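Student: Position chain X with the ligands relative to chain G; hints supplied.
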Amino acid sequence: MQLTGTQFTNTTAVFGNDFATLPDYPAEIRAPAGTLAGVSSFQVNFGDERIYTPGDQPDVLVAMNPAALKVHLHDLRDNGVLIVNEDAFTEGNLSKAGFKSNPLEDGSIKGYQLFSIPITKMTLEALKDSPLKNKDRERCKNFYALGVLLWLYHRPLTVTTEWIETKFKKKPDLVEANITALKTGYHFGETTEMFQVSYEIAPTKRKPGTYRNITGNEALARGLAAASKITGRPLFLGSYPITPASDILHELSTFKNFRVHTFQAEDEIAGACSAIGASFAGALAVTTTSGPGIALKGEALGLAVMTELPLVIINVQRGGPSTGLPTKTEQSDLNQALYGRHGESPMCVLAARSPGDCFYMGIEAFRIATKYMCPVLLLTDGYLANGAEPWRIPEASEIPKFEVKMAQPELAEGGFLPYKRDPNTLARPWAIPGTPALEHRIGGLEKAADTGNVSYDPANHEAMVRTRQAKVEKIVQEIPPLEITGEKSGKLLVVGWGGTYGSIQAGVRRAQQKGLSVSSVHIQHLNPLPPDLGEIMGRFEKILVPELNLGQLRNLLRATYLVDAQGLNKIKGLPFRAVEILEKIEEMLG
Amino acid sequence: MSEEAVKLDRKDFVSDQDVRWCPGCGDYSILAQVQKVLPELGIARENFAFISGIGCSSRFPYYMNTYGFHTIHGRAPALASGVKIANPNLQVWVITGDGDGLSIGGNHLIHALRRNMDLKILLFNNEIYGLTKGQYSPTSEMGKKTKSTPMGSVDYPIQPVPLALASEATFVARTVDTNPKHLAEMLRRAADHKGSAIIEIYQNCVIFNDGAFKDVTDRSVRDDMSLILEDGKPMIFGKDSDKGIRIRGTKLEVVQLGDGVSESDLLVHNESDPDPALSMLLSRMHAPEYPVPLGVIRAIRRPAYHEMLLDQEEEAVQKKGVGEIRDLLMDSETWTVQ
Ligand SMILES: Cc1ncc(C[n+]2csc(CCOP(=O)(O)OP(=O)(O)O)c2C)c(N)n1
Ligand code: SF4
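Protein chains in written order, with our numbering: chain G, 24 to 613; chain X, 30 to 367.
Pulled out of the complex, with its shape left as it was, chain G reads as follows (with noise of 0.2 Å):
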């Protein structure tokens, strides 16, 4: 399904309309087919203006048997087309699904316009000559329900047969057969009359340039070789693999020619450690994983805090705590992203809002952890990293720069002092190994000013306390001003963080439409904030804080600015719908 669903992404993208999807699938690998804990989906959300979500309610459901019948019919709009495999309504697949009696057959499907299409027989009948094995015929449904899809949405064929000829390019028997089905599907939508409609949507205006999809992991992958190749510096990554973060690895793994140099360690510890070697070492170093691996780098952090390397730490974070939901997605890692350390132990914390702005935060950790000689960890979710967006490619002149300076011998001069600061943003030389003269040494005991040297001195250590604690302040000059949706002041305002981005502007613009007063702002520094925050939100009446958690932000807010922020907290897996967000504002405003 997962397959399927990105195939007609793929079409949708290059047929110009902007989108947003949902992949959703069990965590385990082979799920039992037919059952509820199964159901593996995919929700697209298309259009001809701008999409922020993948949709509240699907105008069409595919659903291939009863349990997935089962999980998303409550999906589906009221009168929405619904299109069934009626052969996987068997006896079997029925009990499997908690169905007593068929509901194709019973009349409990009220409100809907069913179709219901035996595409499993059609699809062996179209290749009743195929050379494969029955089994592997079968498997070939999907793509028949693909391309009655495309016929729906007036779709063409060639994004997916040309995809099919290349994925299976060693087997042409396998070829023939996923496009034989495919094409089956198309023409069965054209010549049945079974459907009265089909959508025409016409290709979104967008900003000119060239297009991509690309999913959040993708993006950050190529934004963190792209800080790489910016600043000169090697890439390290160490990491172990983890839902939804693995990804990150596997695409990194494939930039060898970038030198992009990827350690798969033997845990989250190792991961993190070698990161930091990496760093001492020169290189641009990353660790990434999901939460219970952060847990796991806790101790490690601290050595980055105290040592004041420049380190990029990801979080793609999933439901929690412990194994919980590691296919779905959550914000809950705010707060062990703020304070999950022993000691006083300050970190820069960044979120990327969408997919294609995981690339750009991808450059922006660097920039900063390199500028300020620090540690950045930057929160994502399993909603960016497997959802998908049209991505207008930034132009060379788009990217950002940036320059990483690396201590030169000359600095020995007079005594080499690896803990003297810049005044501007109080980093510590980044002076590598295999620099001549400035040999010193770093560790995880408490320094002294200036030397490194290790001082347990009273008023020292609350000094140096103080100074990573002010580092990490002064990166507040690096924010840009918070960009805000609607006017500048009025009854209500919507502070979002992370992957929330596009289902609150969707919210937001929605109850705008209906002339609410109401504007959003959406925080991608989460420490430092904003320096224009805490003013924006005196301009309001009221904060909405709208989060995938019990509250995280919320409560930073209330803490920080003494606001009475309210919240609207979900924590079931899934992402926010727009229309919840939407009702939720017009509750307040009511």
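To be clear, the hints were calculated from the coordinates, so they are not data collected in a lab. Quick caveat: nothing in here was measured; it's all calculated off a predicted structure. Using N, Cα and C, we set each Cβ at its ideal position, and we do this for glycine too. Some hints could be false.
[Unchecked claim] BS3-like mimics (lysine-lysine), calculated; alpha carbons at most 30 Å apart, straight line:
| no. | chain 1 | residue 1 | chain 2 | residue 2 |
| --- | --- | --- | --- | --- |
| 1 | X | Lys349 | G | Lys190 |
| 2 | X | Lys349 | G | Lys252 |
| 3 | X | Lys243 | X | Lys162 |
| 4 | G | Lys93 | G | Lys511 |
[As the list claims (entries may be wrong)] Quick list of the computed label-pair ranges, beta carbon to beta carbon:
| no. | chain 1 | residue 1 | chain 2 | residue 2 | range |
| --- | --- | --- | --- | --- | --- |
| 5 | G | Pro264 | X | Glu282 | 46 to 52 Å |
| 6 | G | Pro432 | X | Asp269 | 53 to 59 Å |
| 7 | G | Tyr479 | X | Ala61 | 25 to 31 Å |
| 8 | G | Pro432 | X | Tyr57 | 47 to 53 Å |
| 9 | G | Tyr479 | X | Glu282 | 52 to 58 Å |
| 10 | X | Met359 | G | Phe191 | 41 to 47 Å |
| 11 | X | Pro303 | G | Phe191 | 42 to 48 Å |
| 12 | X | Met171 | G | Gln492 | 45 to 51 Å |
| 13 | G | Pro432 | X | Thr365 | 36 to 42 Å |
Tutor: Coordinates of chain X with the ligands only, in the frame set by chain G:
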């Protein structure tokens, strides 16, 4: 930098920090030998990095006038792996203790070894936790009475050398803090090795475990209780060089030279034997039944991790050309909006 240009002596490697180990600690002797051997290697001082974990022994980098990093408990091999990969020109030394390297950091140690990461790992084995004031360690003997085991420990110890062999280390040696010449020789050998090198160093903790190795290292017994391994030489030991090691079936045995046993009956040490079986047998010889083998137990050449990694990168560059930002962005289907 050309090697001739590098003329250094011991003092170049002494940092300005006061050494704070207890007087009489075995760590002093190890530090002295490292500072003696490094200047002989013809490597510029800035190309050494010393990476340690936590423990008394792990204070080592502060005393070396090289690049150094005193990291966190048990993680030095992981950190050092990142250093080596990011800058393969460096000679990277890892300093760890028996608690640091075998307890909290056991996992990182075995993985660094199996990857043939080009690190020179010095494992200071004092069979006790020094820094935390004397709890038993994973190498302490069964029944060890310490503050945390007042009635004696009830866990079986682990041994570094068999563990290193099982972890596919390509260089494994053992030496003692009280034999500076032998210690220096082992350091030289490890420095020259390309790949994962580990030396177990018996190190006396005068405060919490004094005399732990005296059965092997004491002047009065050391010739009879240790076997100095030399590559290509028969395994002979004893004050009068009158004892040897022979193999019978799958067992090693101590024999007296003379009574019908001659040198030709003895095992000849072959440190580069591709089959690790004999090194494994040697590694498990203990006092008092056997003399303890000291020296290079195994040394084989295999491509090191960073060599293979860089080869792959080179191959990718040859095939695809050096990657540019444009390539990152255009590696998928695209469409143009006018
Ligand atoms: C995460 C963590 N746990 C525990 C400690 C406390 N600790 C410091 S050193 C040490 C044991 C050191 O023993 P060993 O490695 O044998 O070194 P030695 O002091 O004997 O040289 C322990 C338990 C610590 N520093 N960090
Ligand atoms: S406690 Fe033992 S190991 Fe630590 S410095 Fe003192 S003698 Fe050496």
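Student: All hints are to be evaluated individually against the structure, with a verdict given for each.
Tutor: Right, here's what the structure says about each hint:
Taken as a hint, the X/Lys349 and G/Lys190 pair is honoured in the structure, with Cα atoms around 21 Å apart against an allowance of 30 Å. The hinted pair formed by X/Lys349 and G/Lys252 meets the criterion: a straight-line CA distance of about 16 Å does not exceed 30 Å. In summary, the hint linking X/Lys243 to X/Lys162 is supported, as the alpha carbons are separated by about 21 Å, within the 30 Å threshold. With a C-alpha separation of about 45 Å, the suggested pairing of G/Lys93 with G/Lys511 is violated against the 30 Å cut-off.
A beta carbon spacing of about 48 Å between G/Pro264 and X/Glu282 agrees with the range 46 to 52 Å that was offered as a hint. The hint said 53 to 59 Å for the Cβ distance between G/Pro432 and X/Asp269, and at roughly 57 Å that hint holds. Checking the proposed 25 to 31 Å range against G/Tyr479 and X/Ala61 shows it holds: the Cβ atoms sit about 27 Å from each other. Separation of G/Pro432 from X/Tyr57 is about 32 Å and departs from the stated range, judged on CB atoms against 47 to 53 Å.
A hinted range of 52 to 58 Å holds for the C-beta pair G/Tyr479 and X/Glu282, which are about 55 Å apart. Taking 41 to 47 Å as the suggested C-beta distance range, the pair X/Met359 and G/Phe191 does not conform, at roughly 24 Å. The hinted range of 42 to 48 Å is satisfied by X/Pro303 and G/Phe191, whose Cβ atoms lie roughly 43 Å apart. In this structure the supplied range 45 to 51 Å holds for X/Met171 paired with G/Gln492, their Cβ-Cβ distance being about 49 Å.
A C-beta distance of roughly 50 Å is found between G/Pro432 and X/Thr365, which places it outside the suggested range of 36 to 42 Å.
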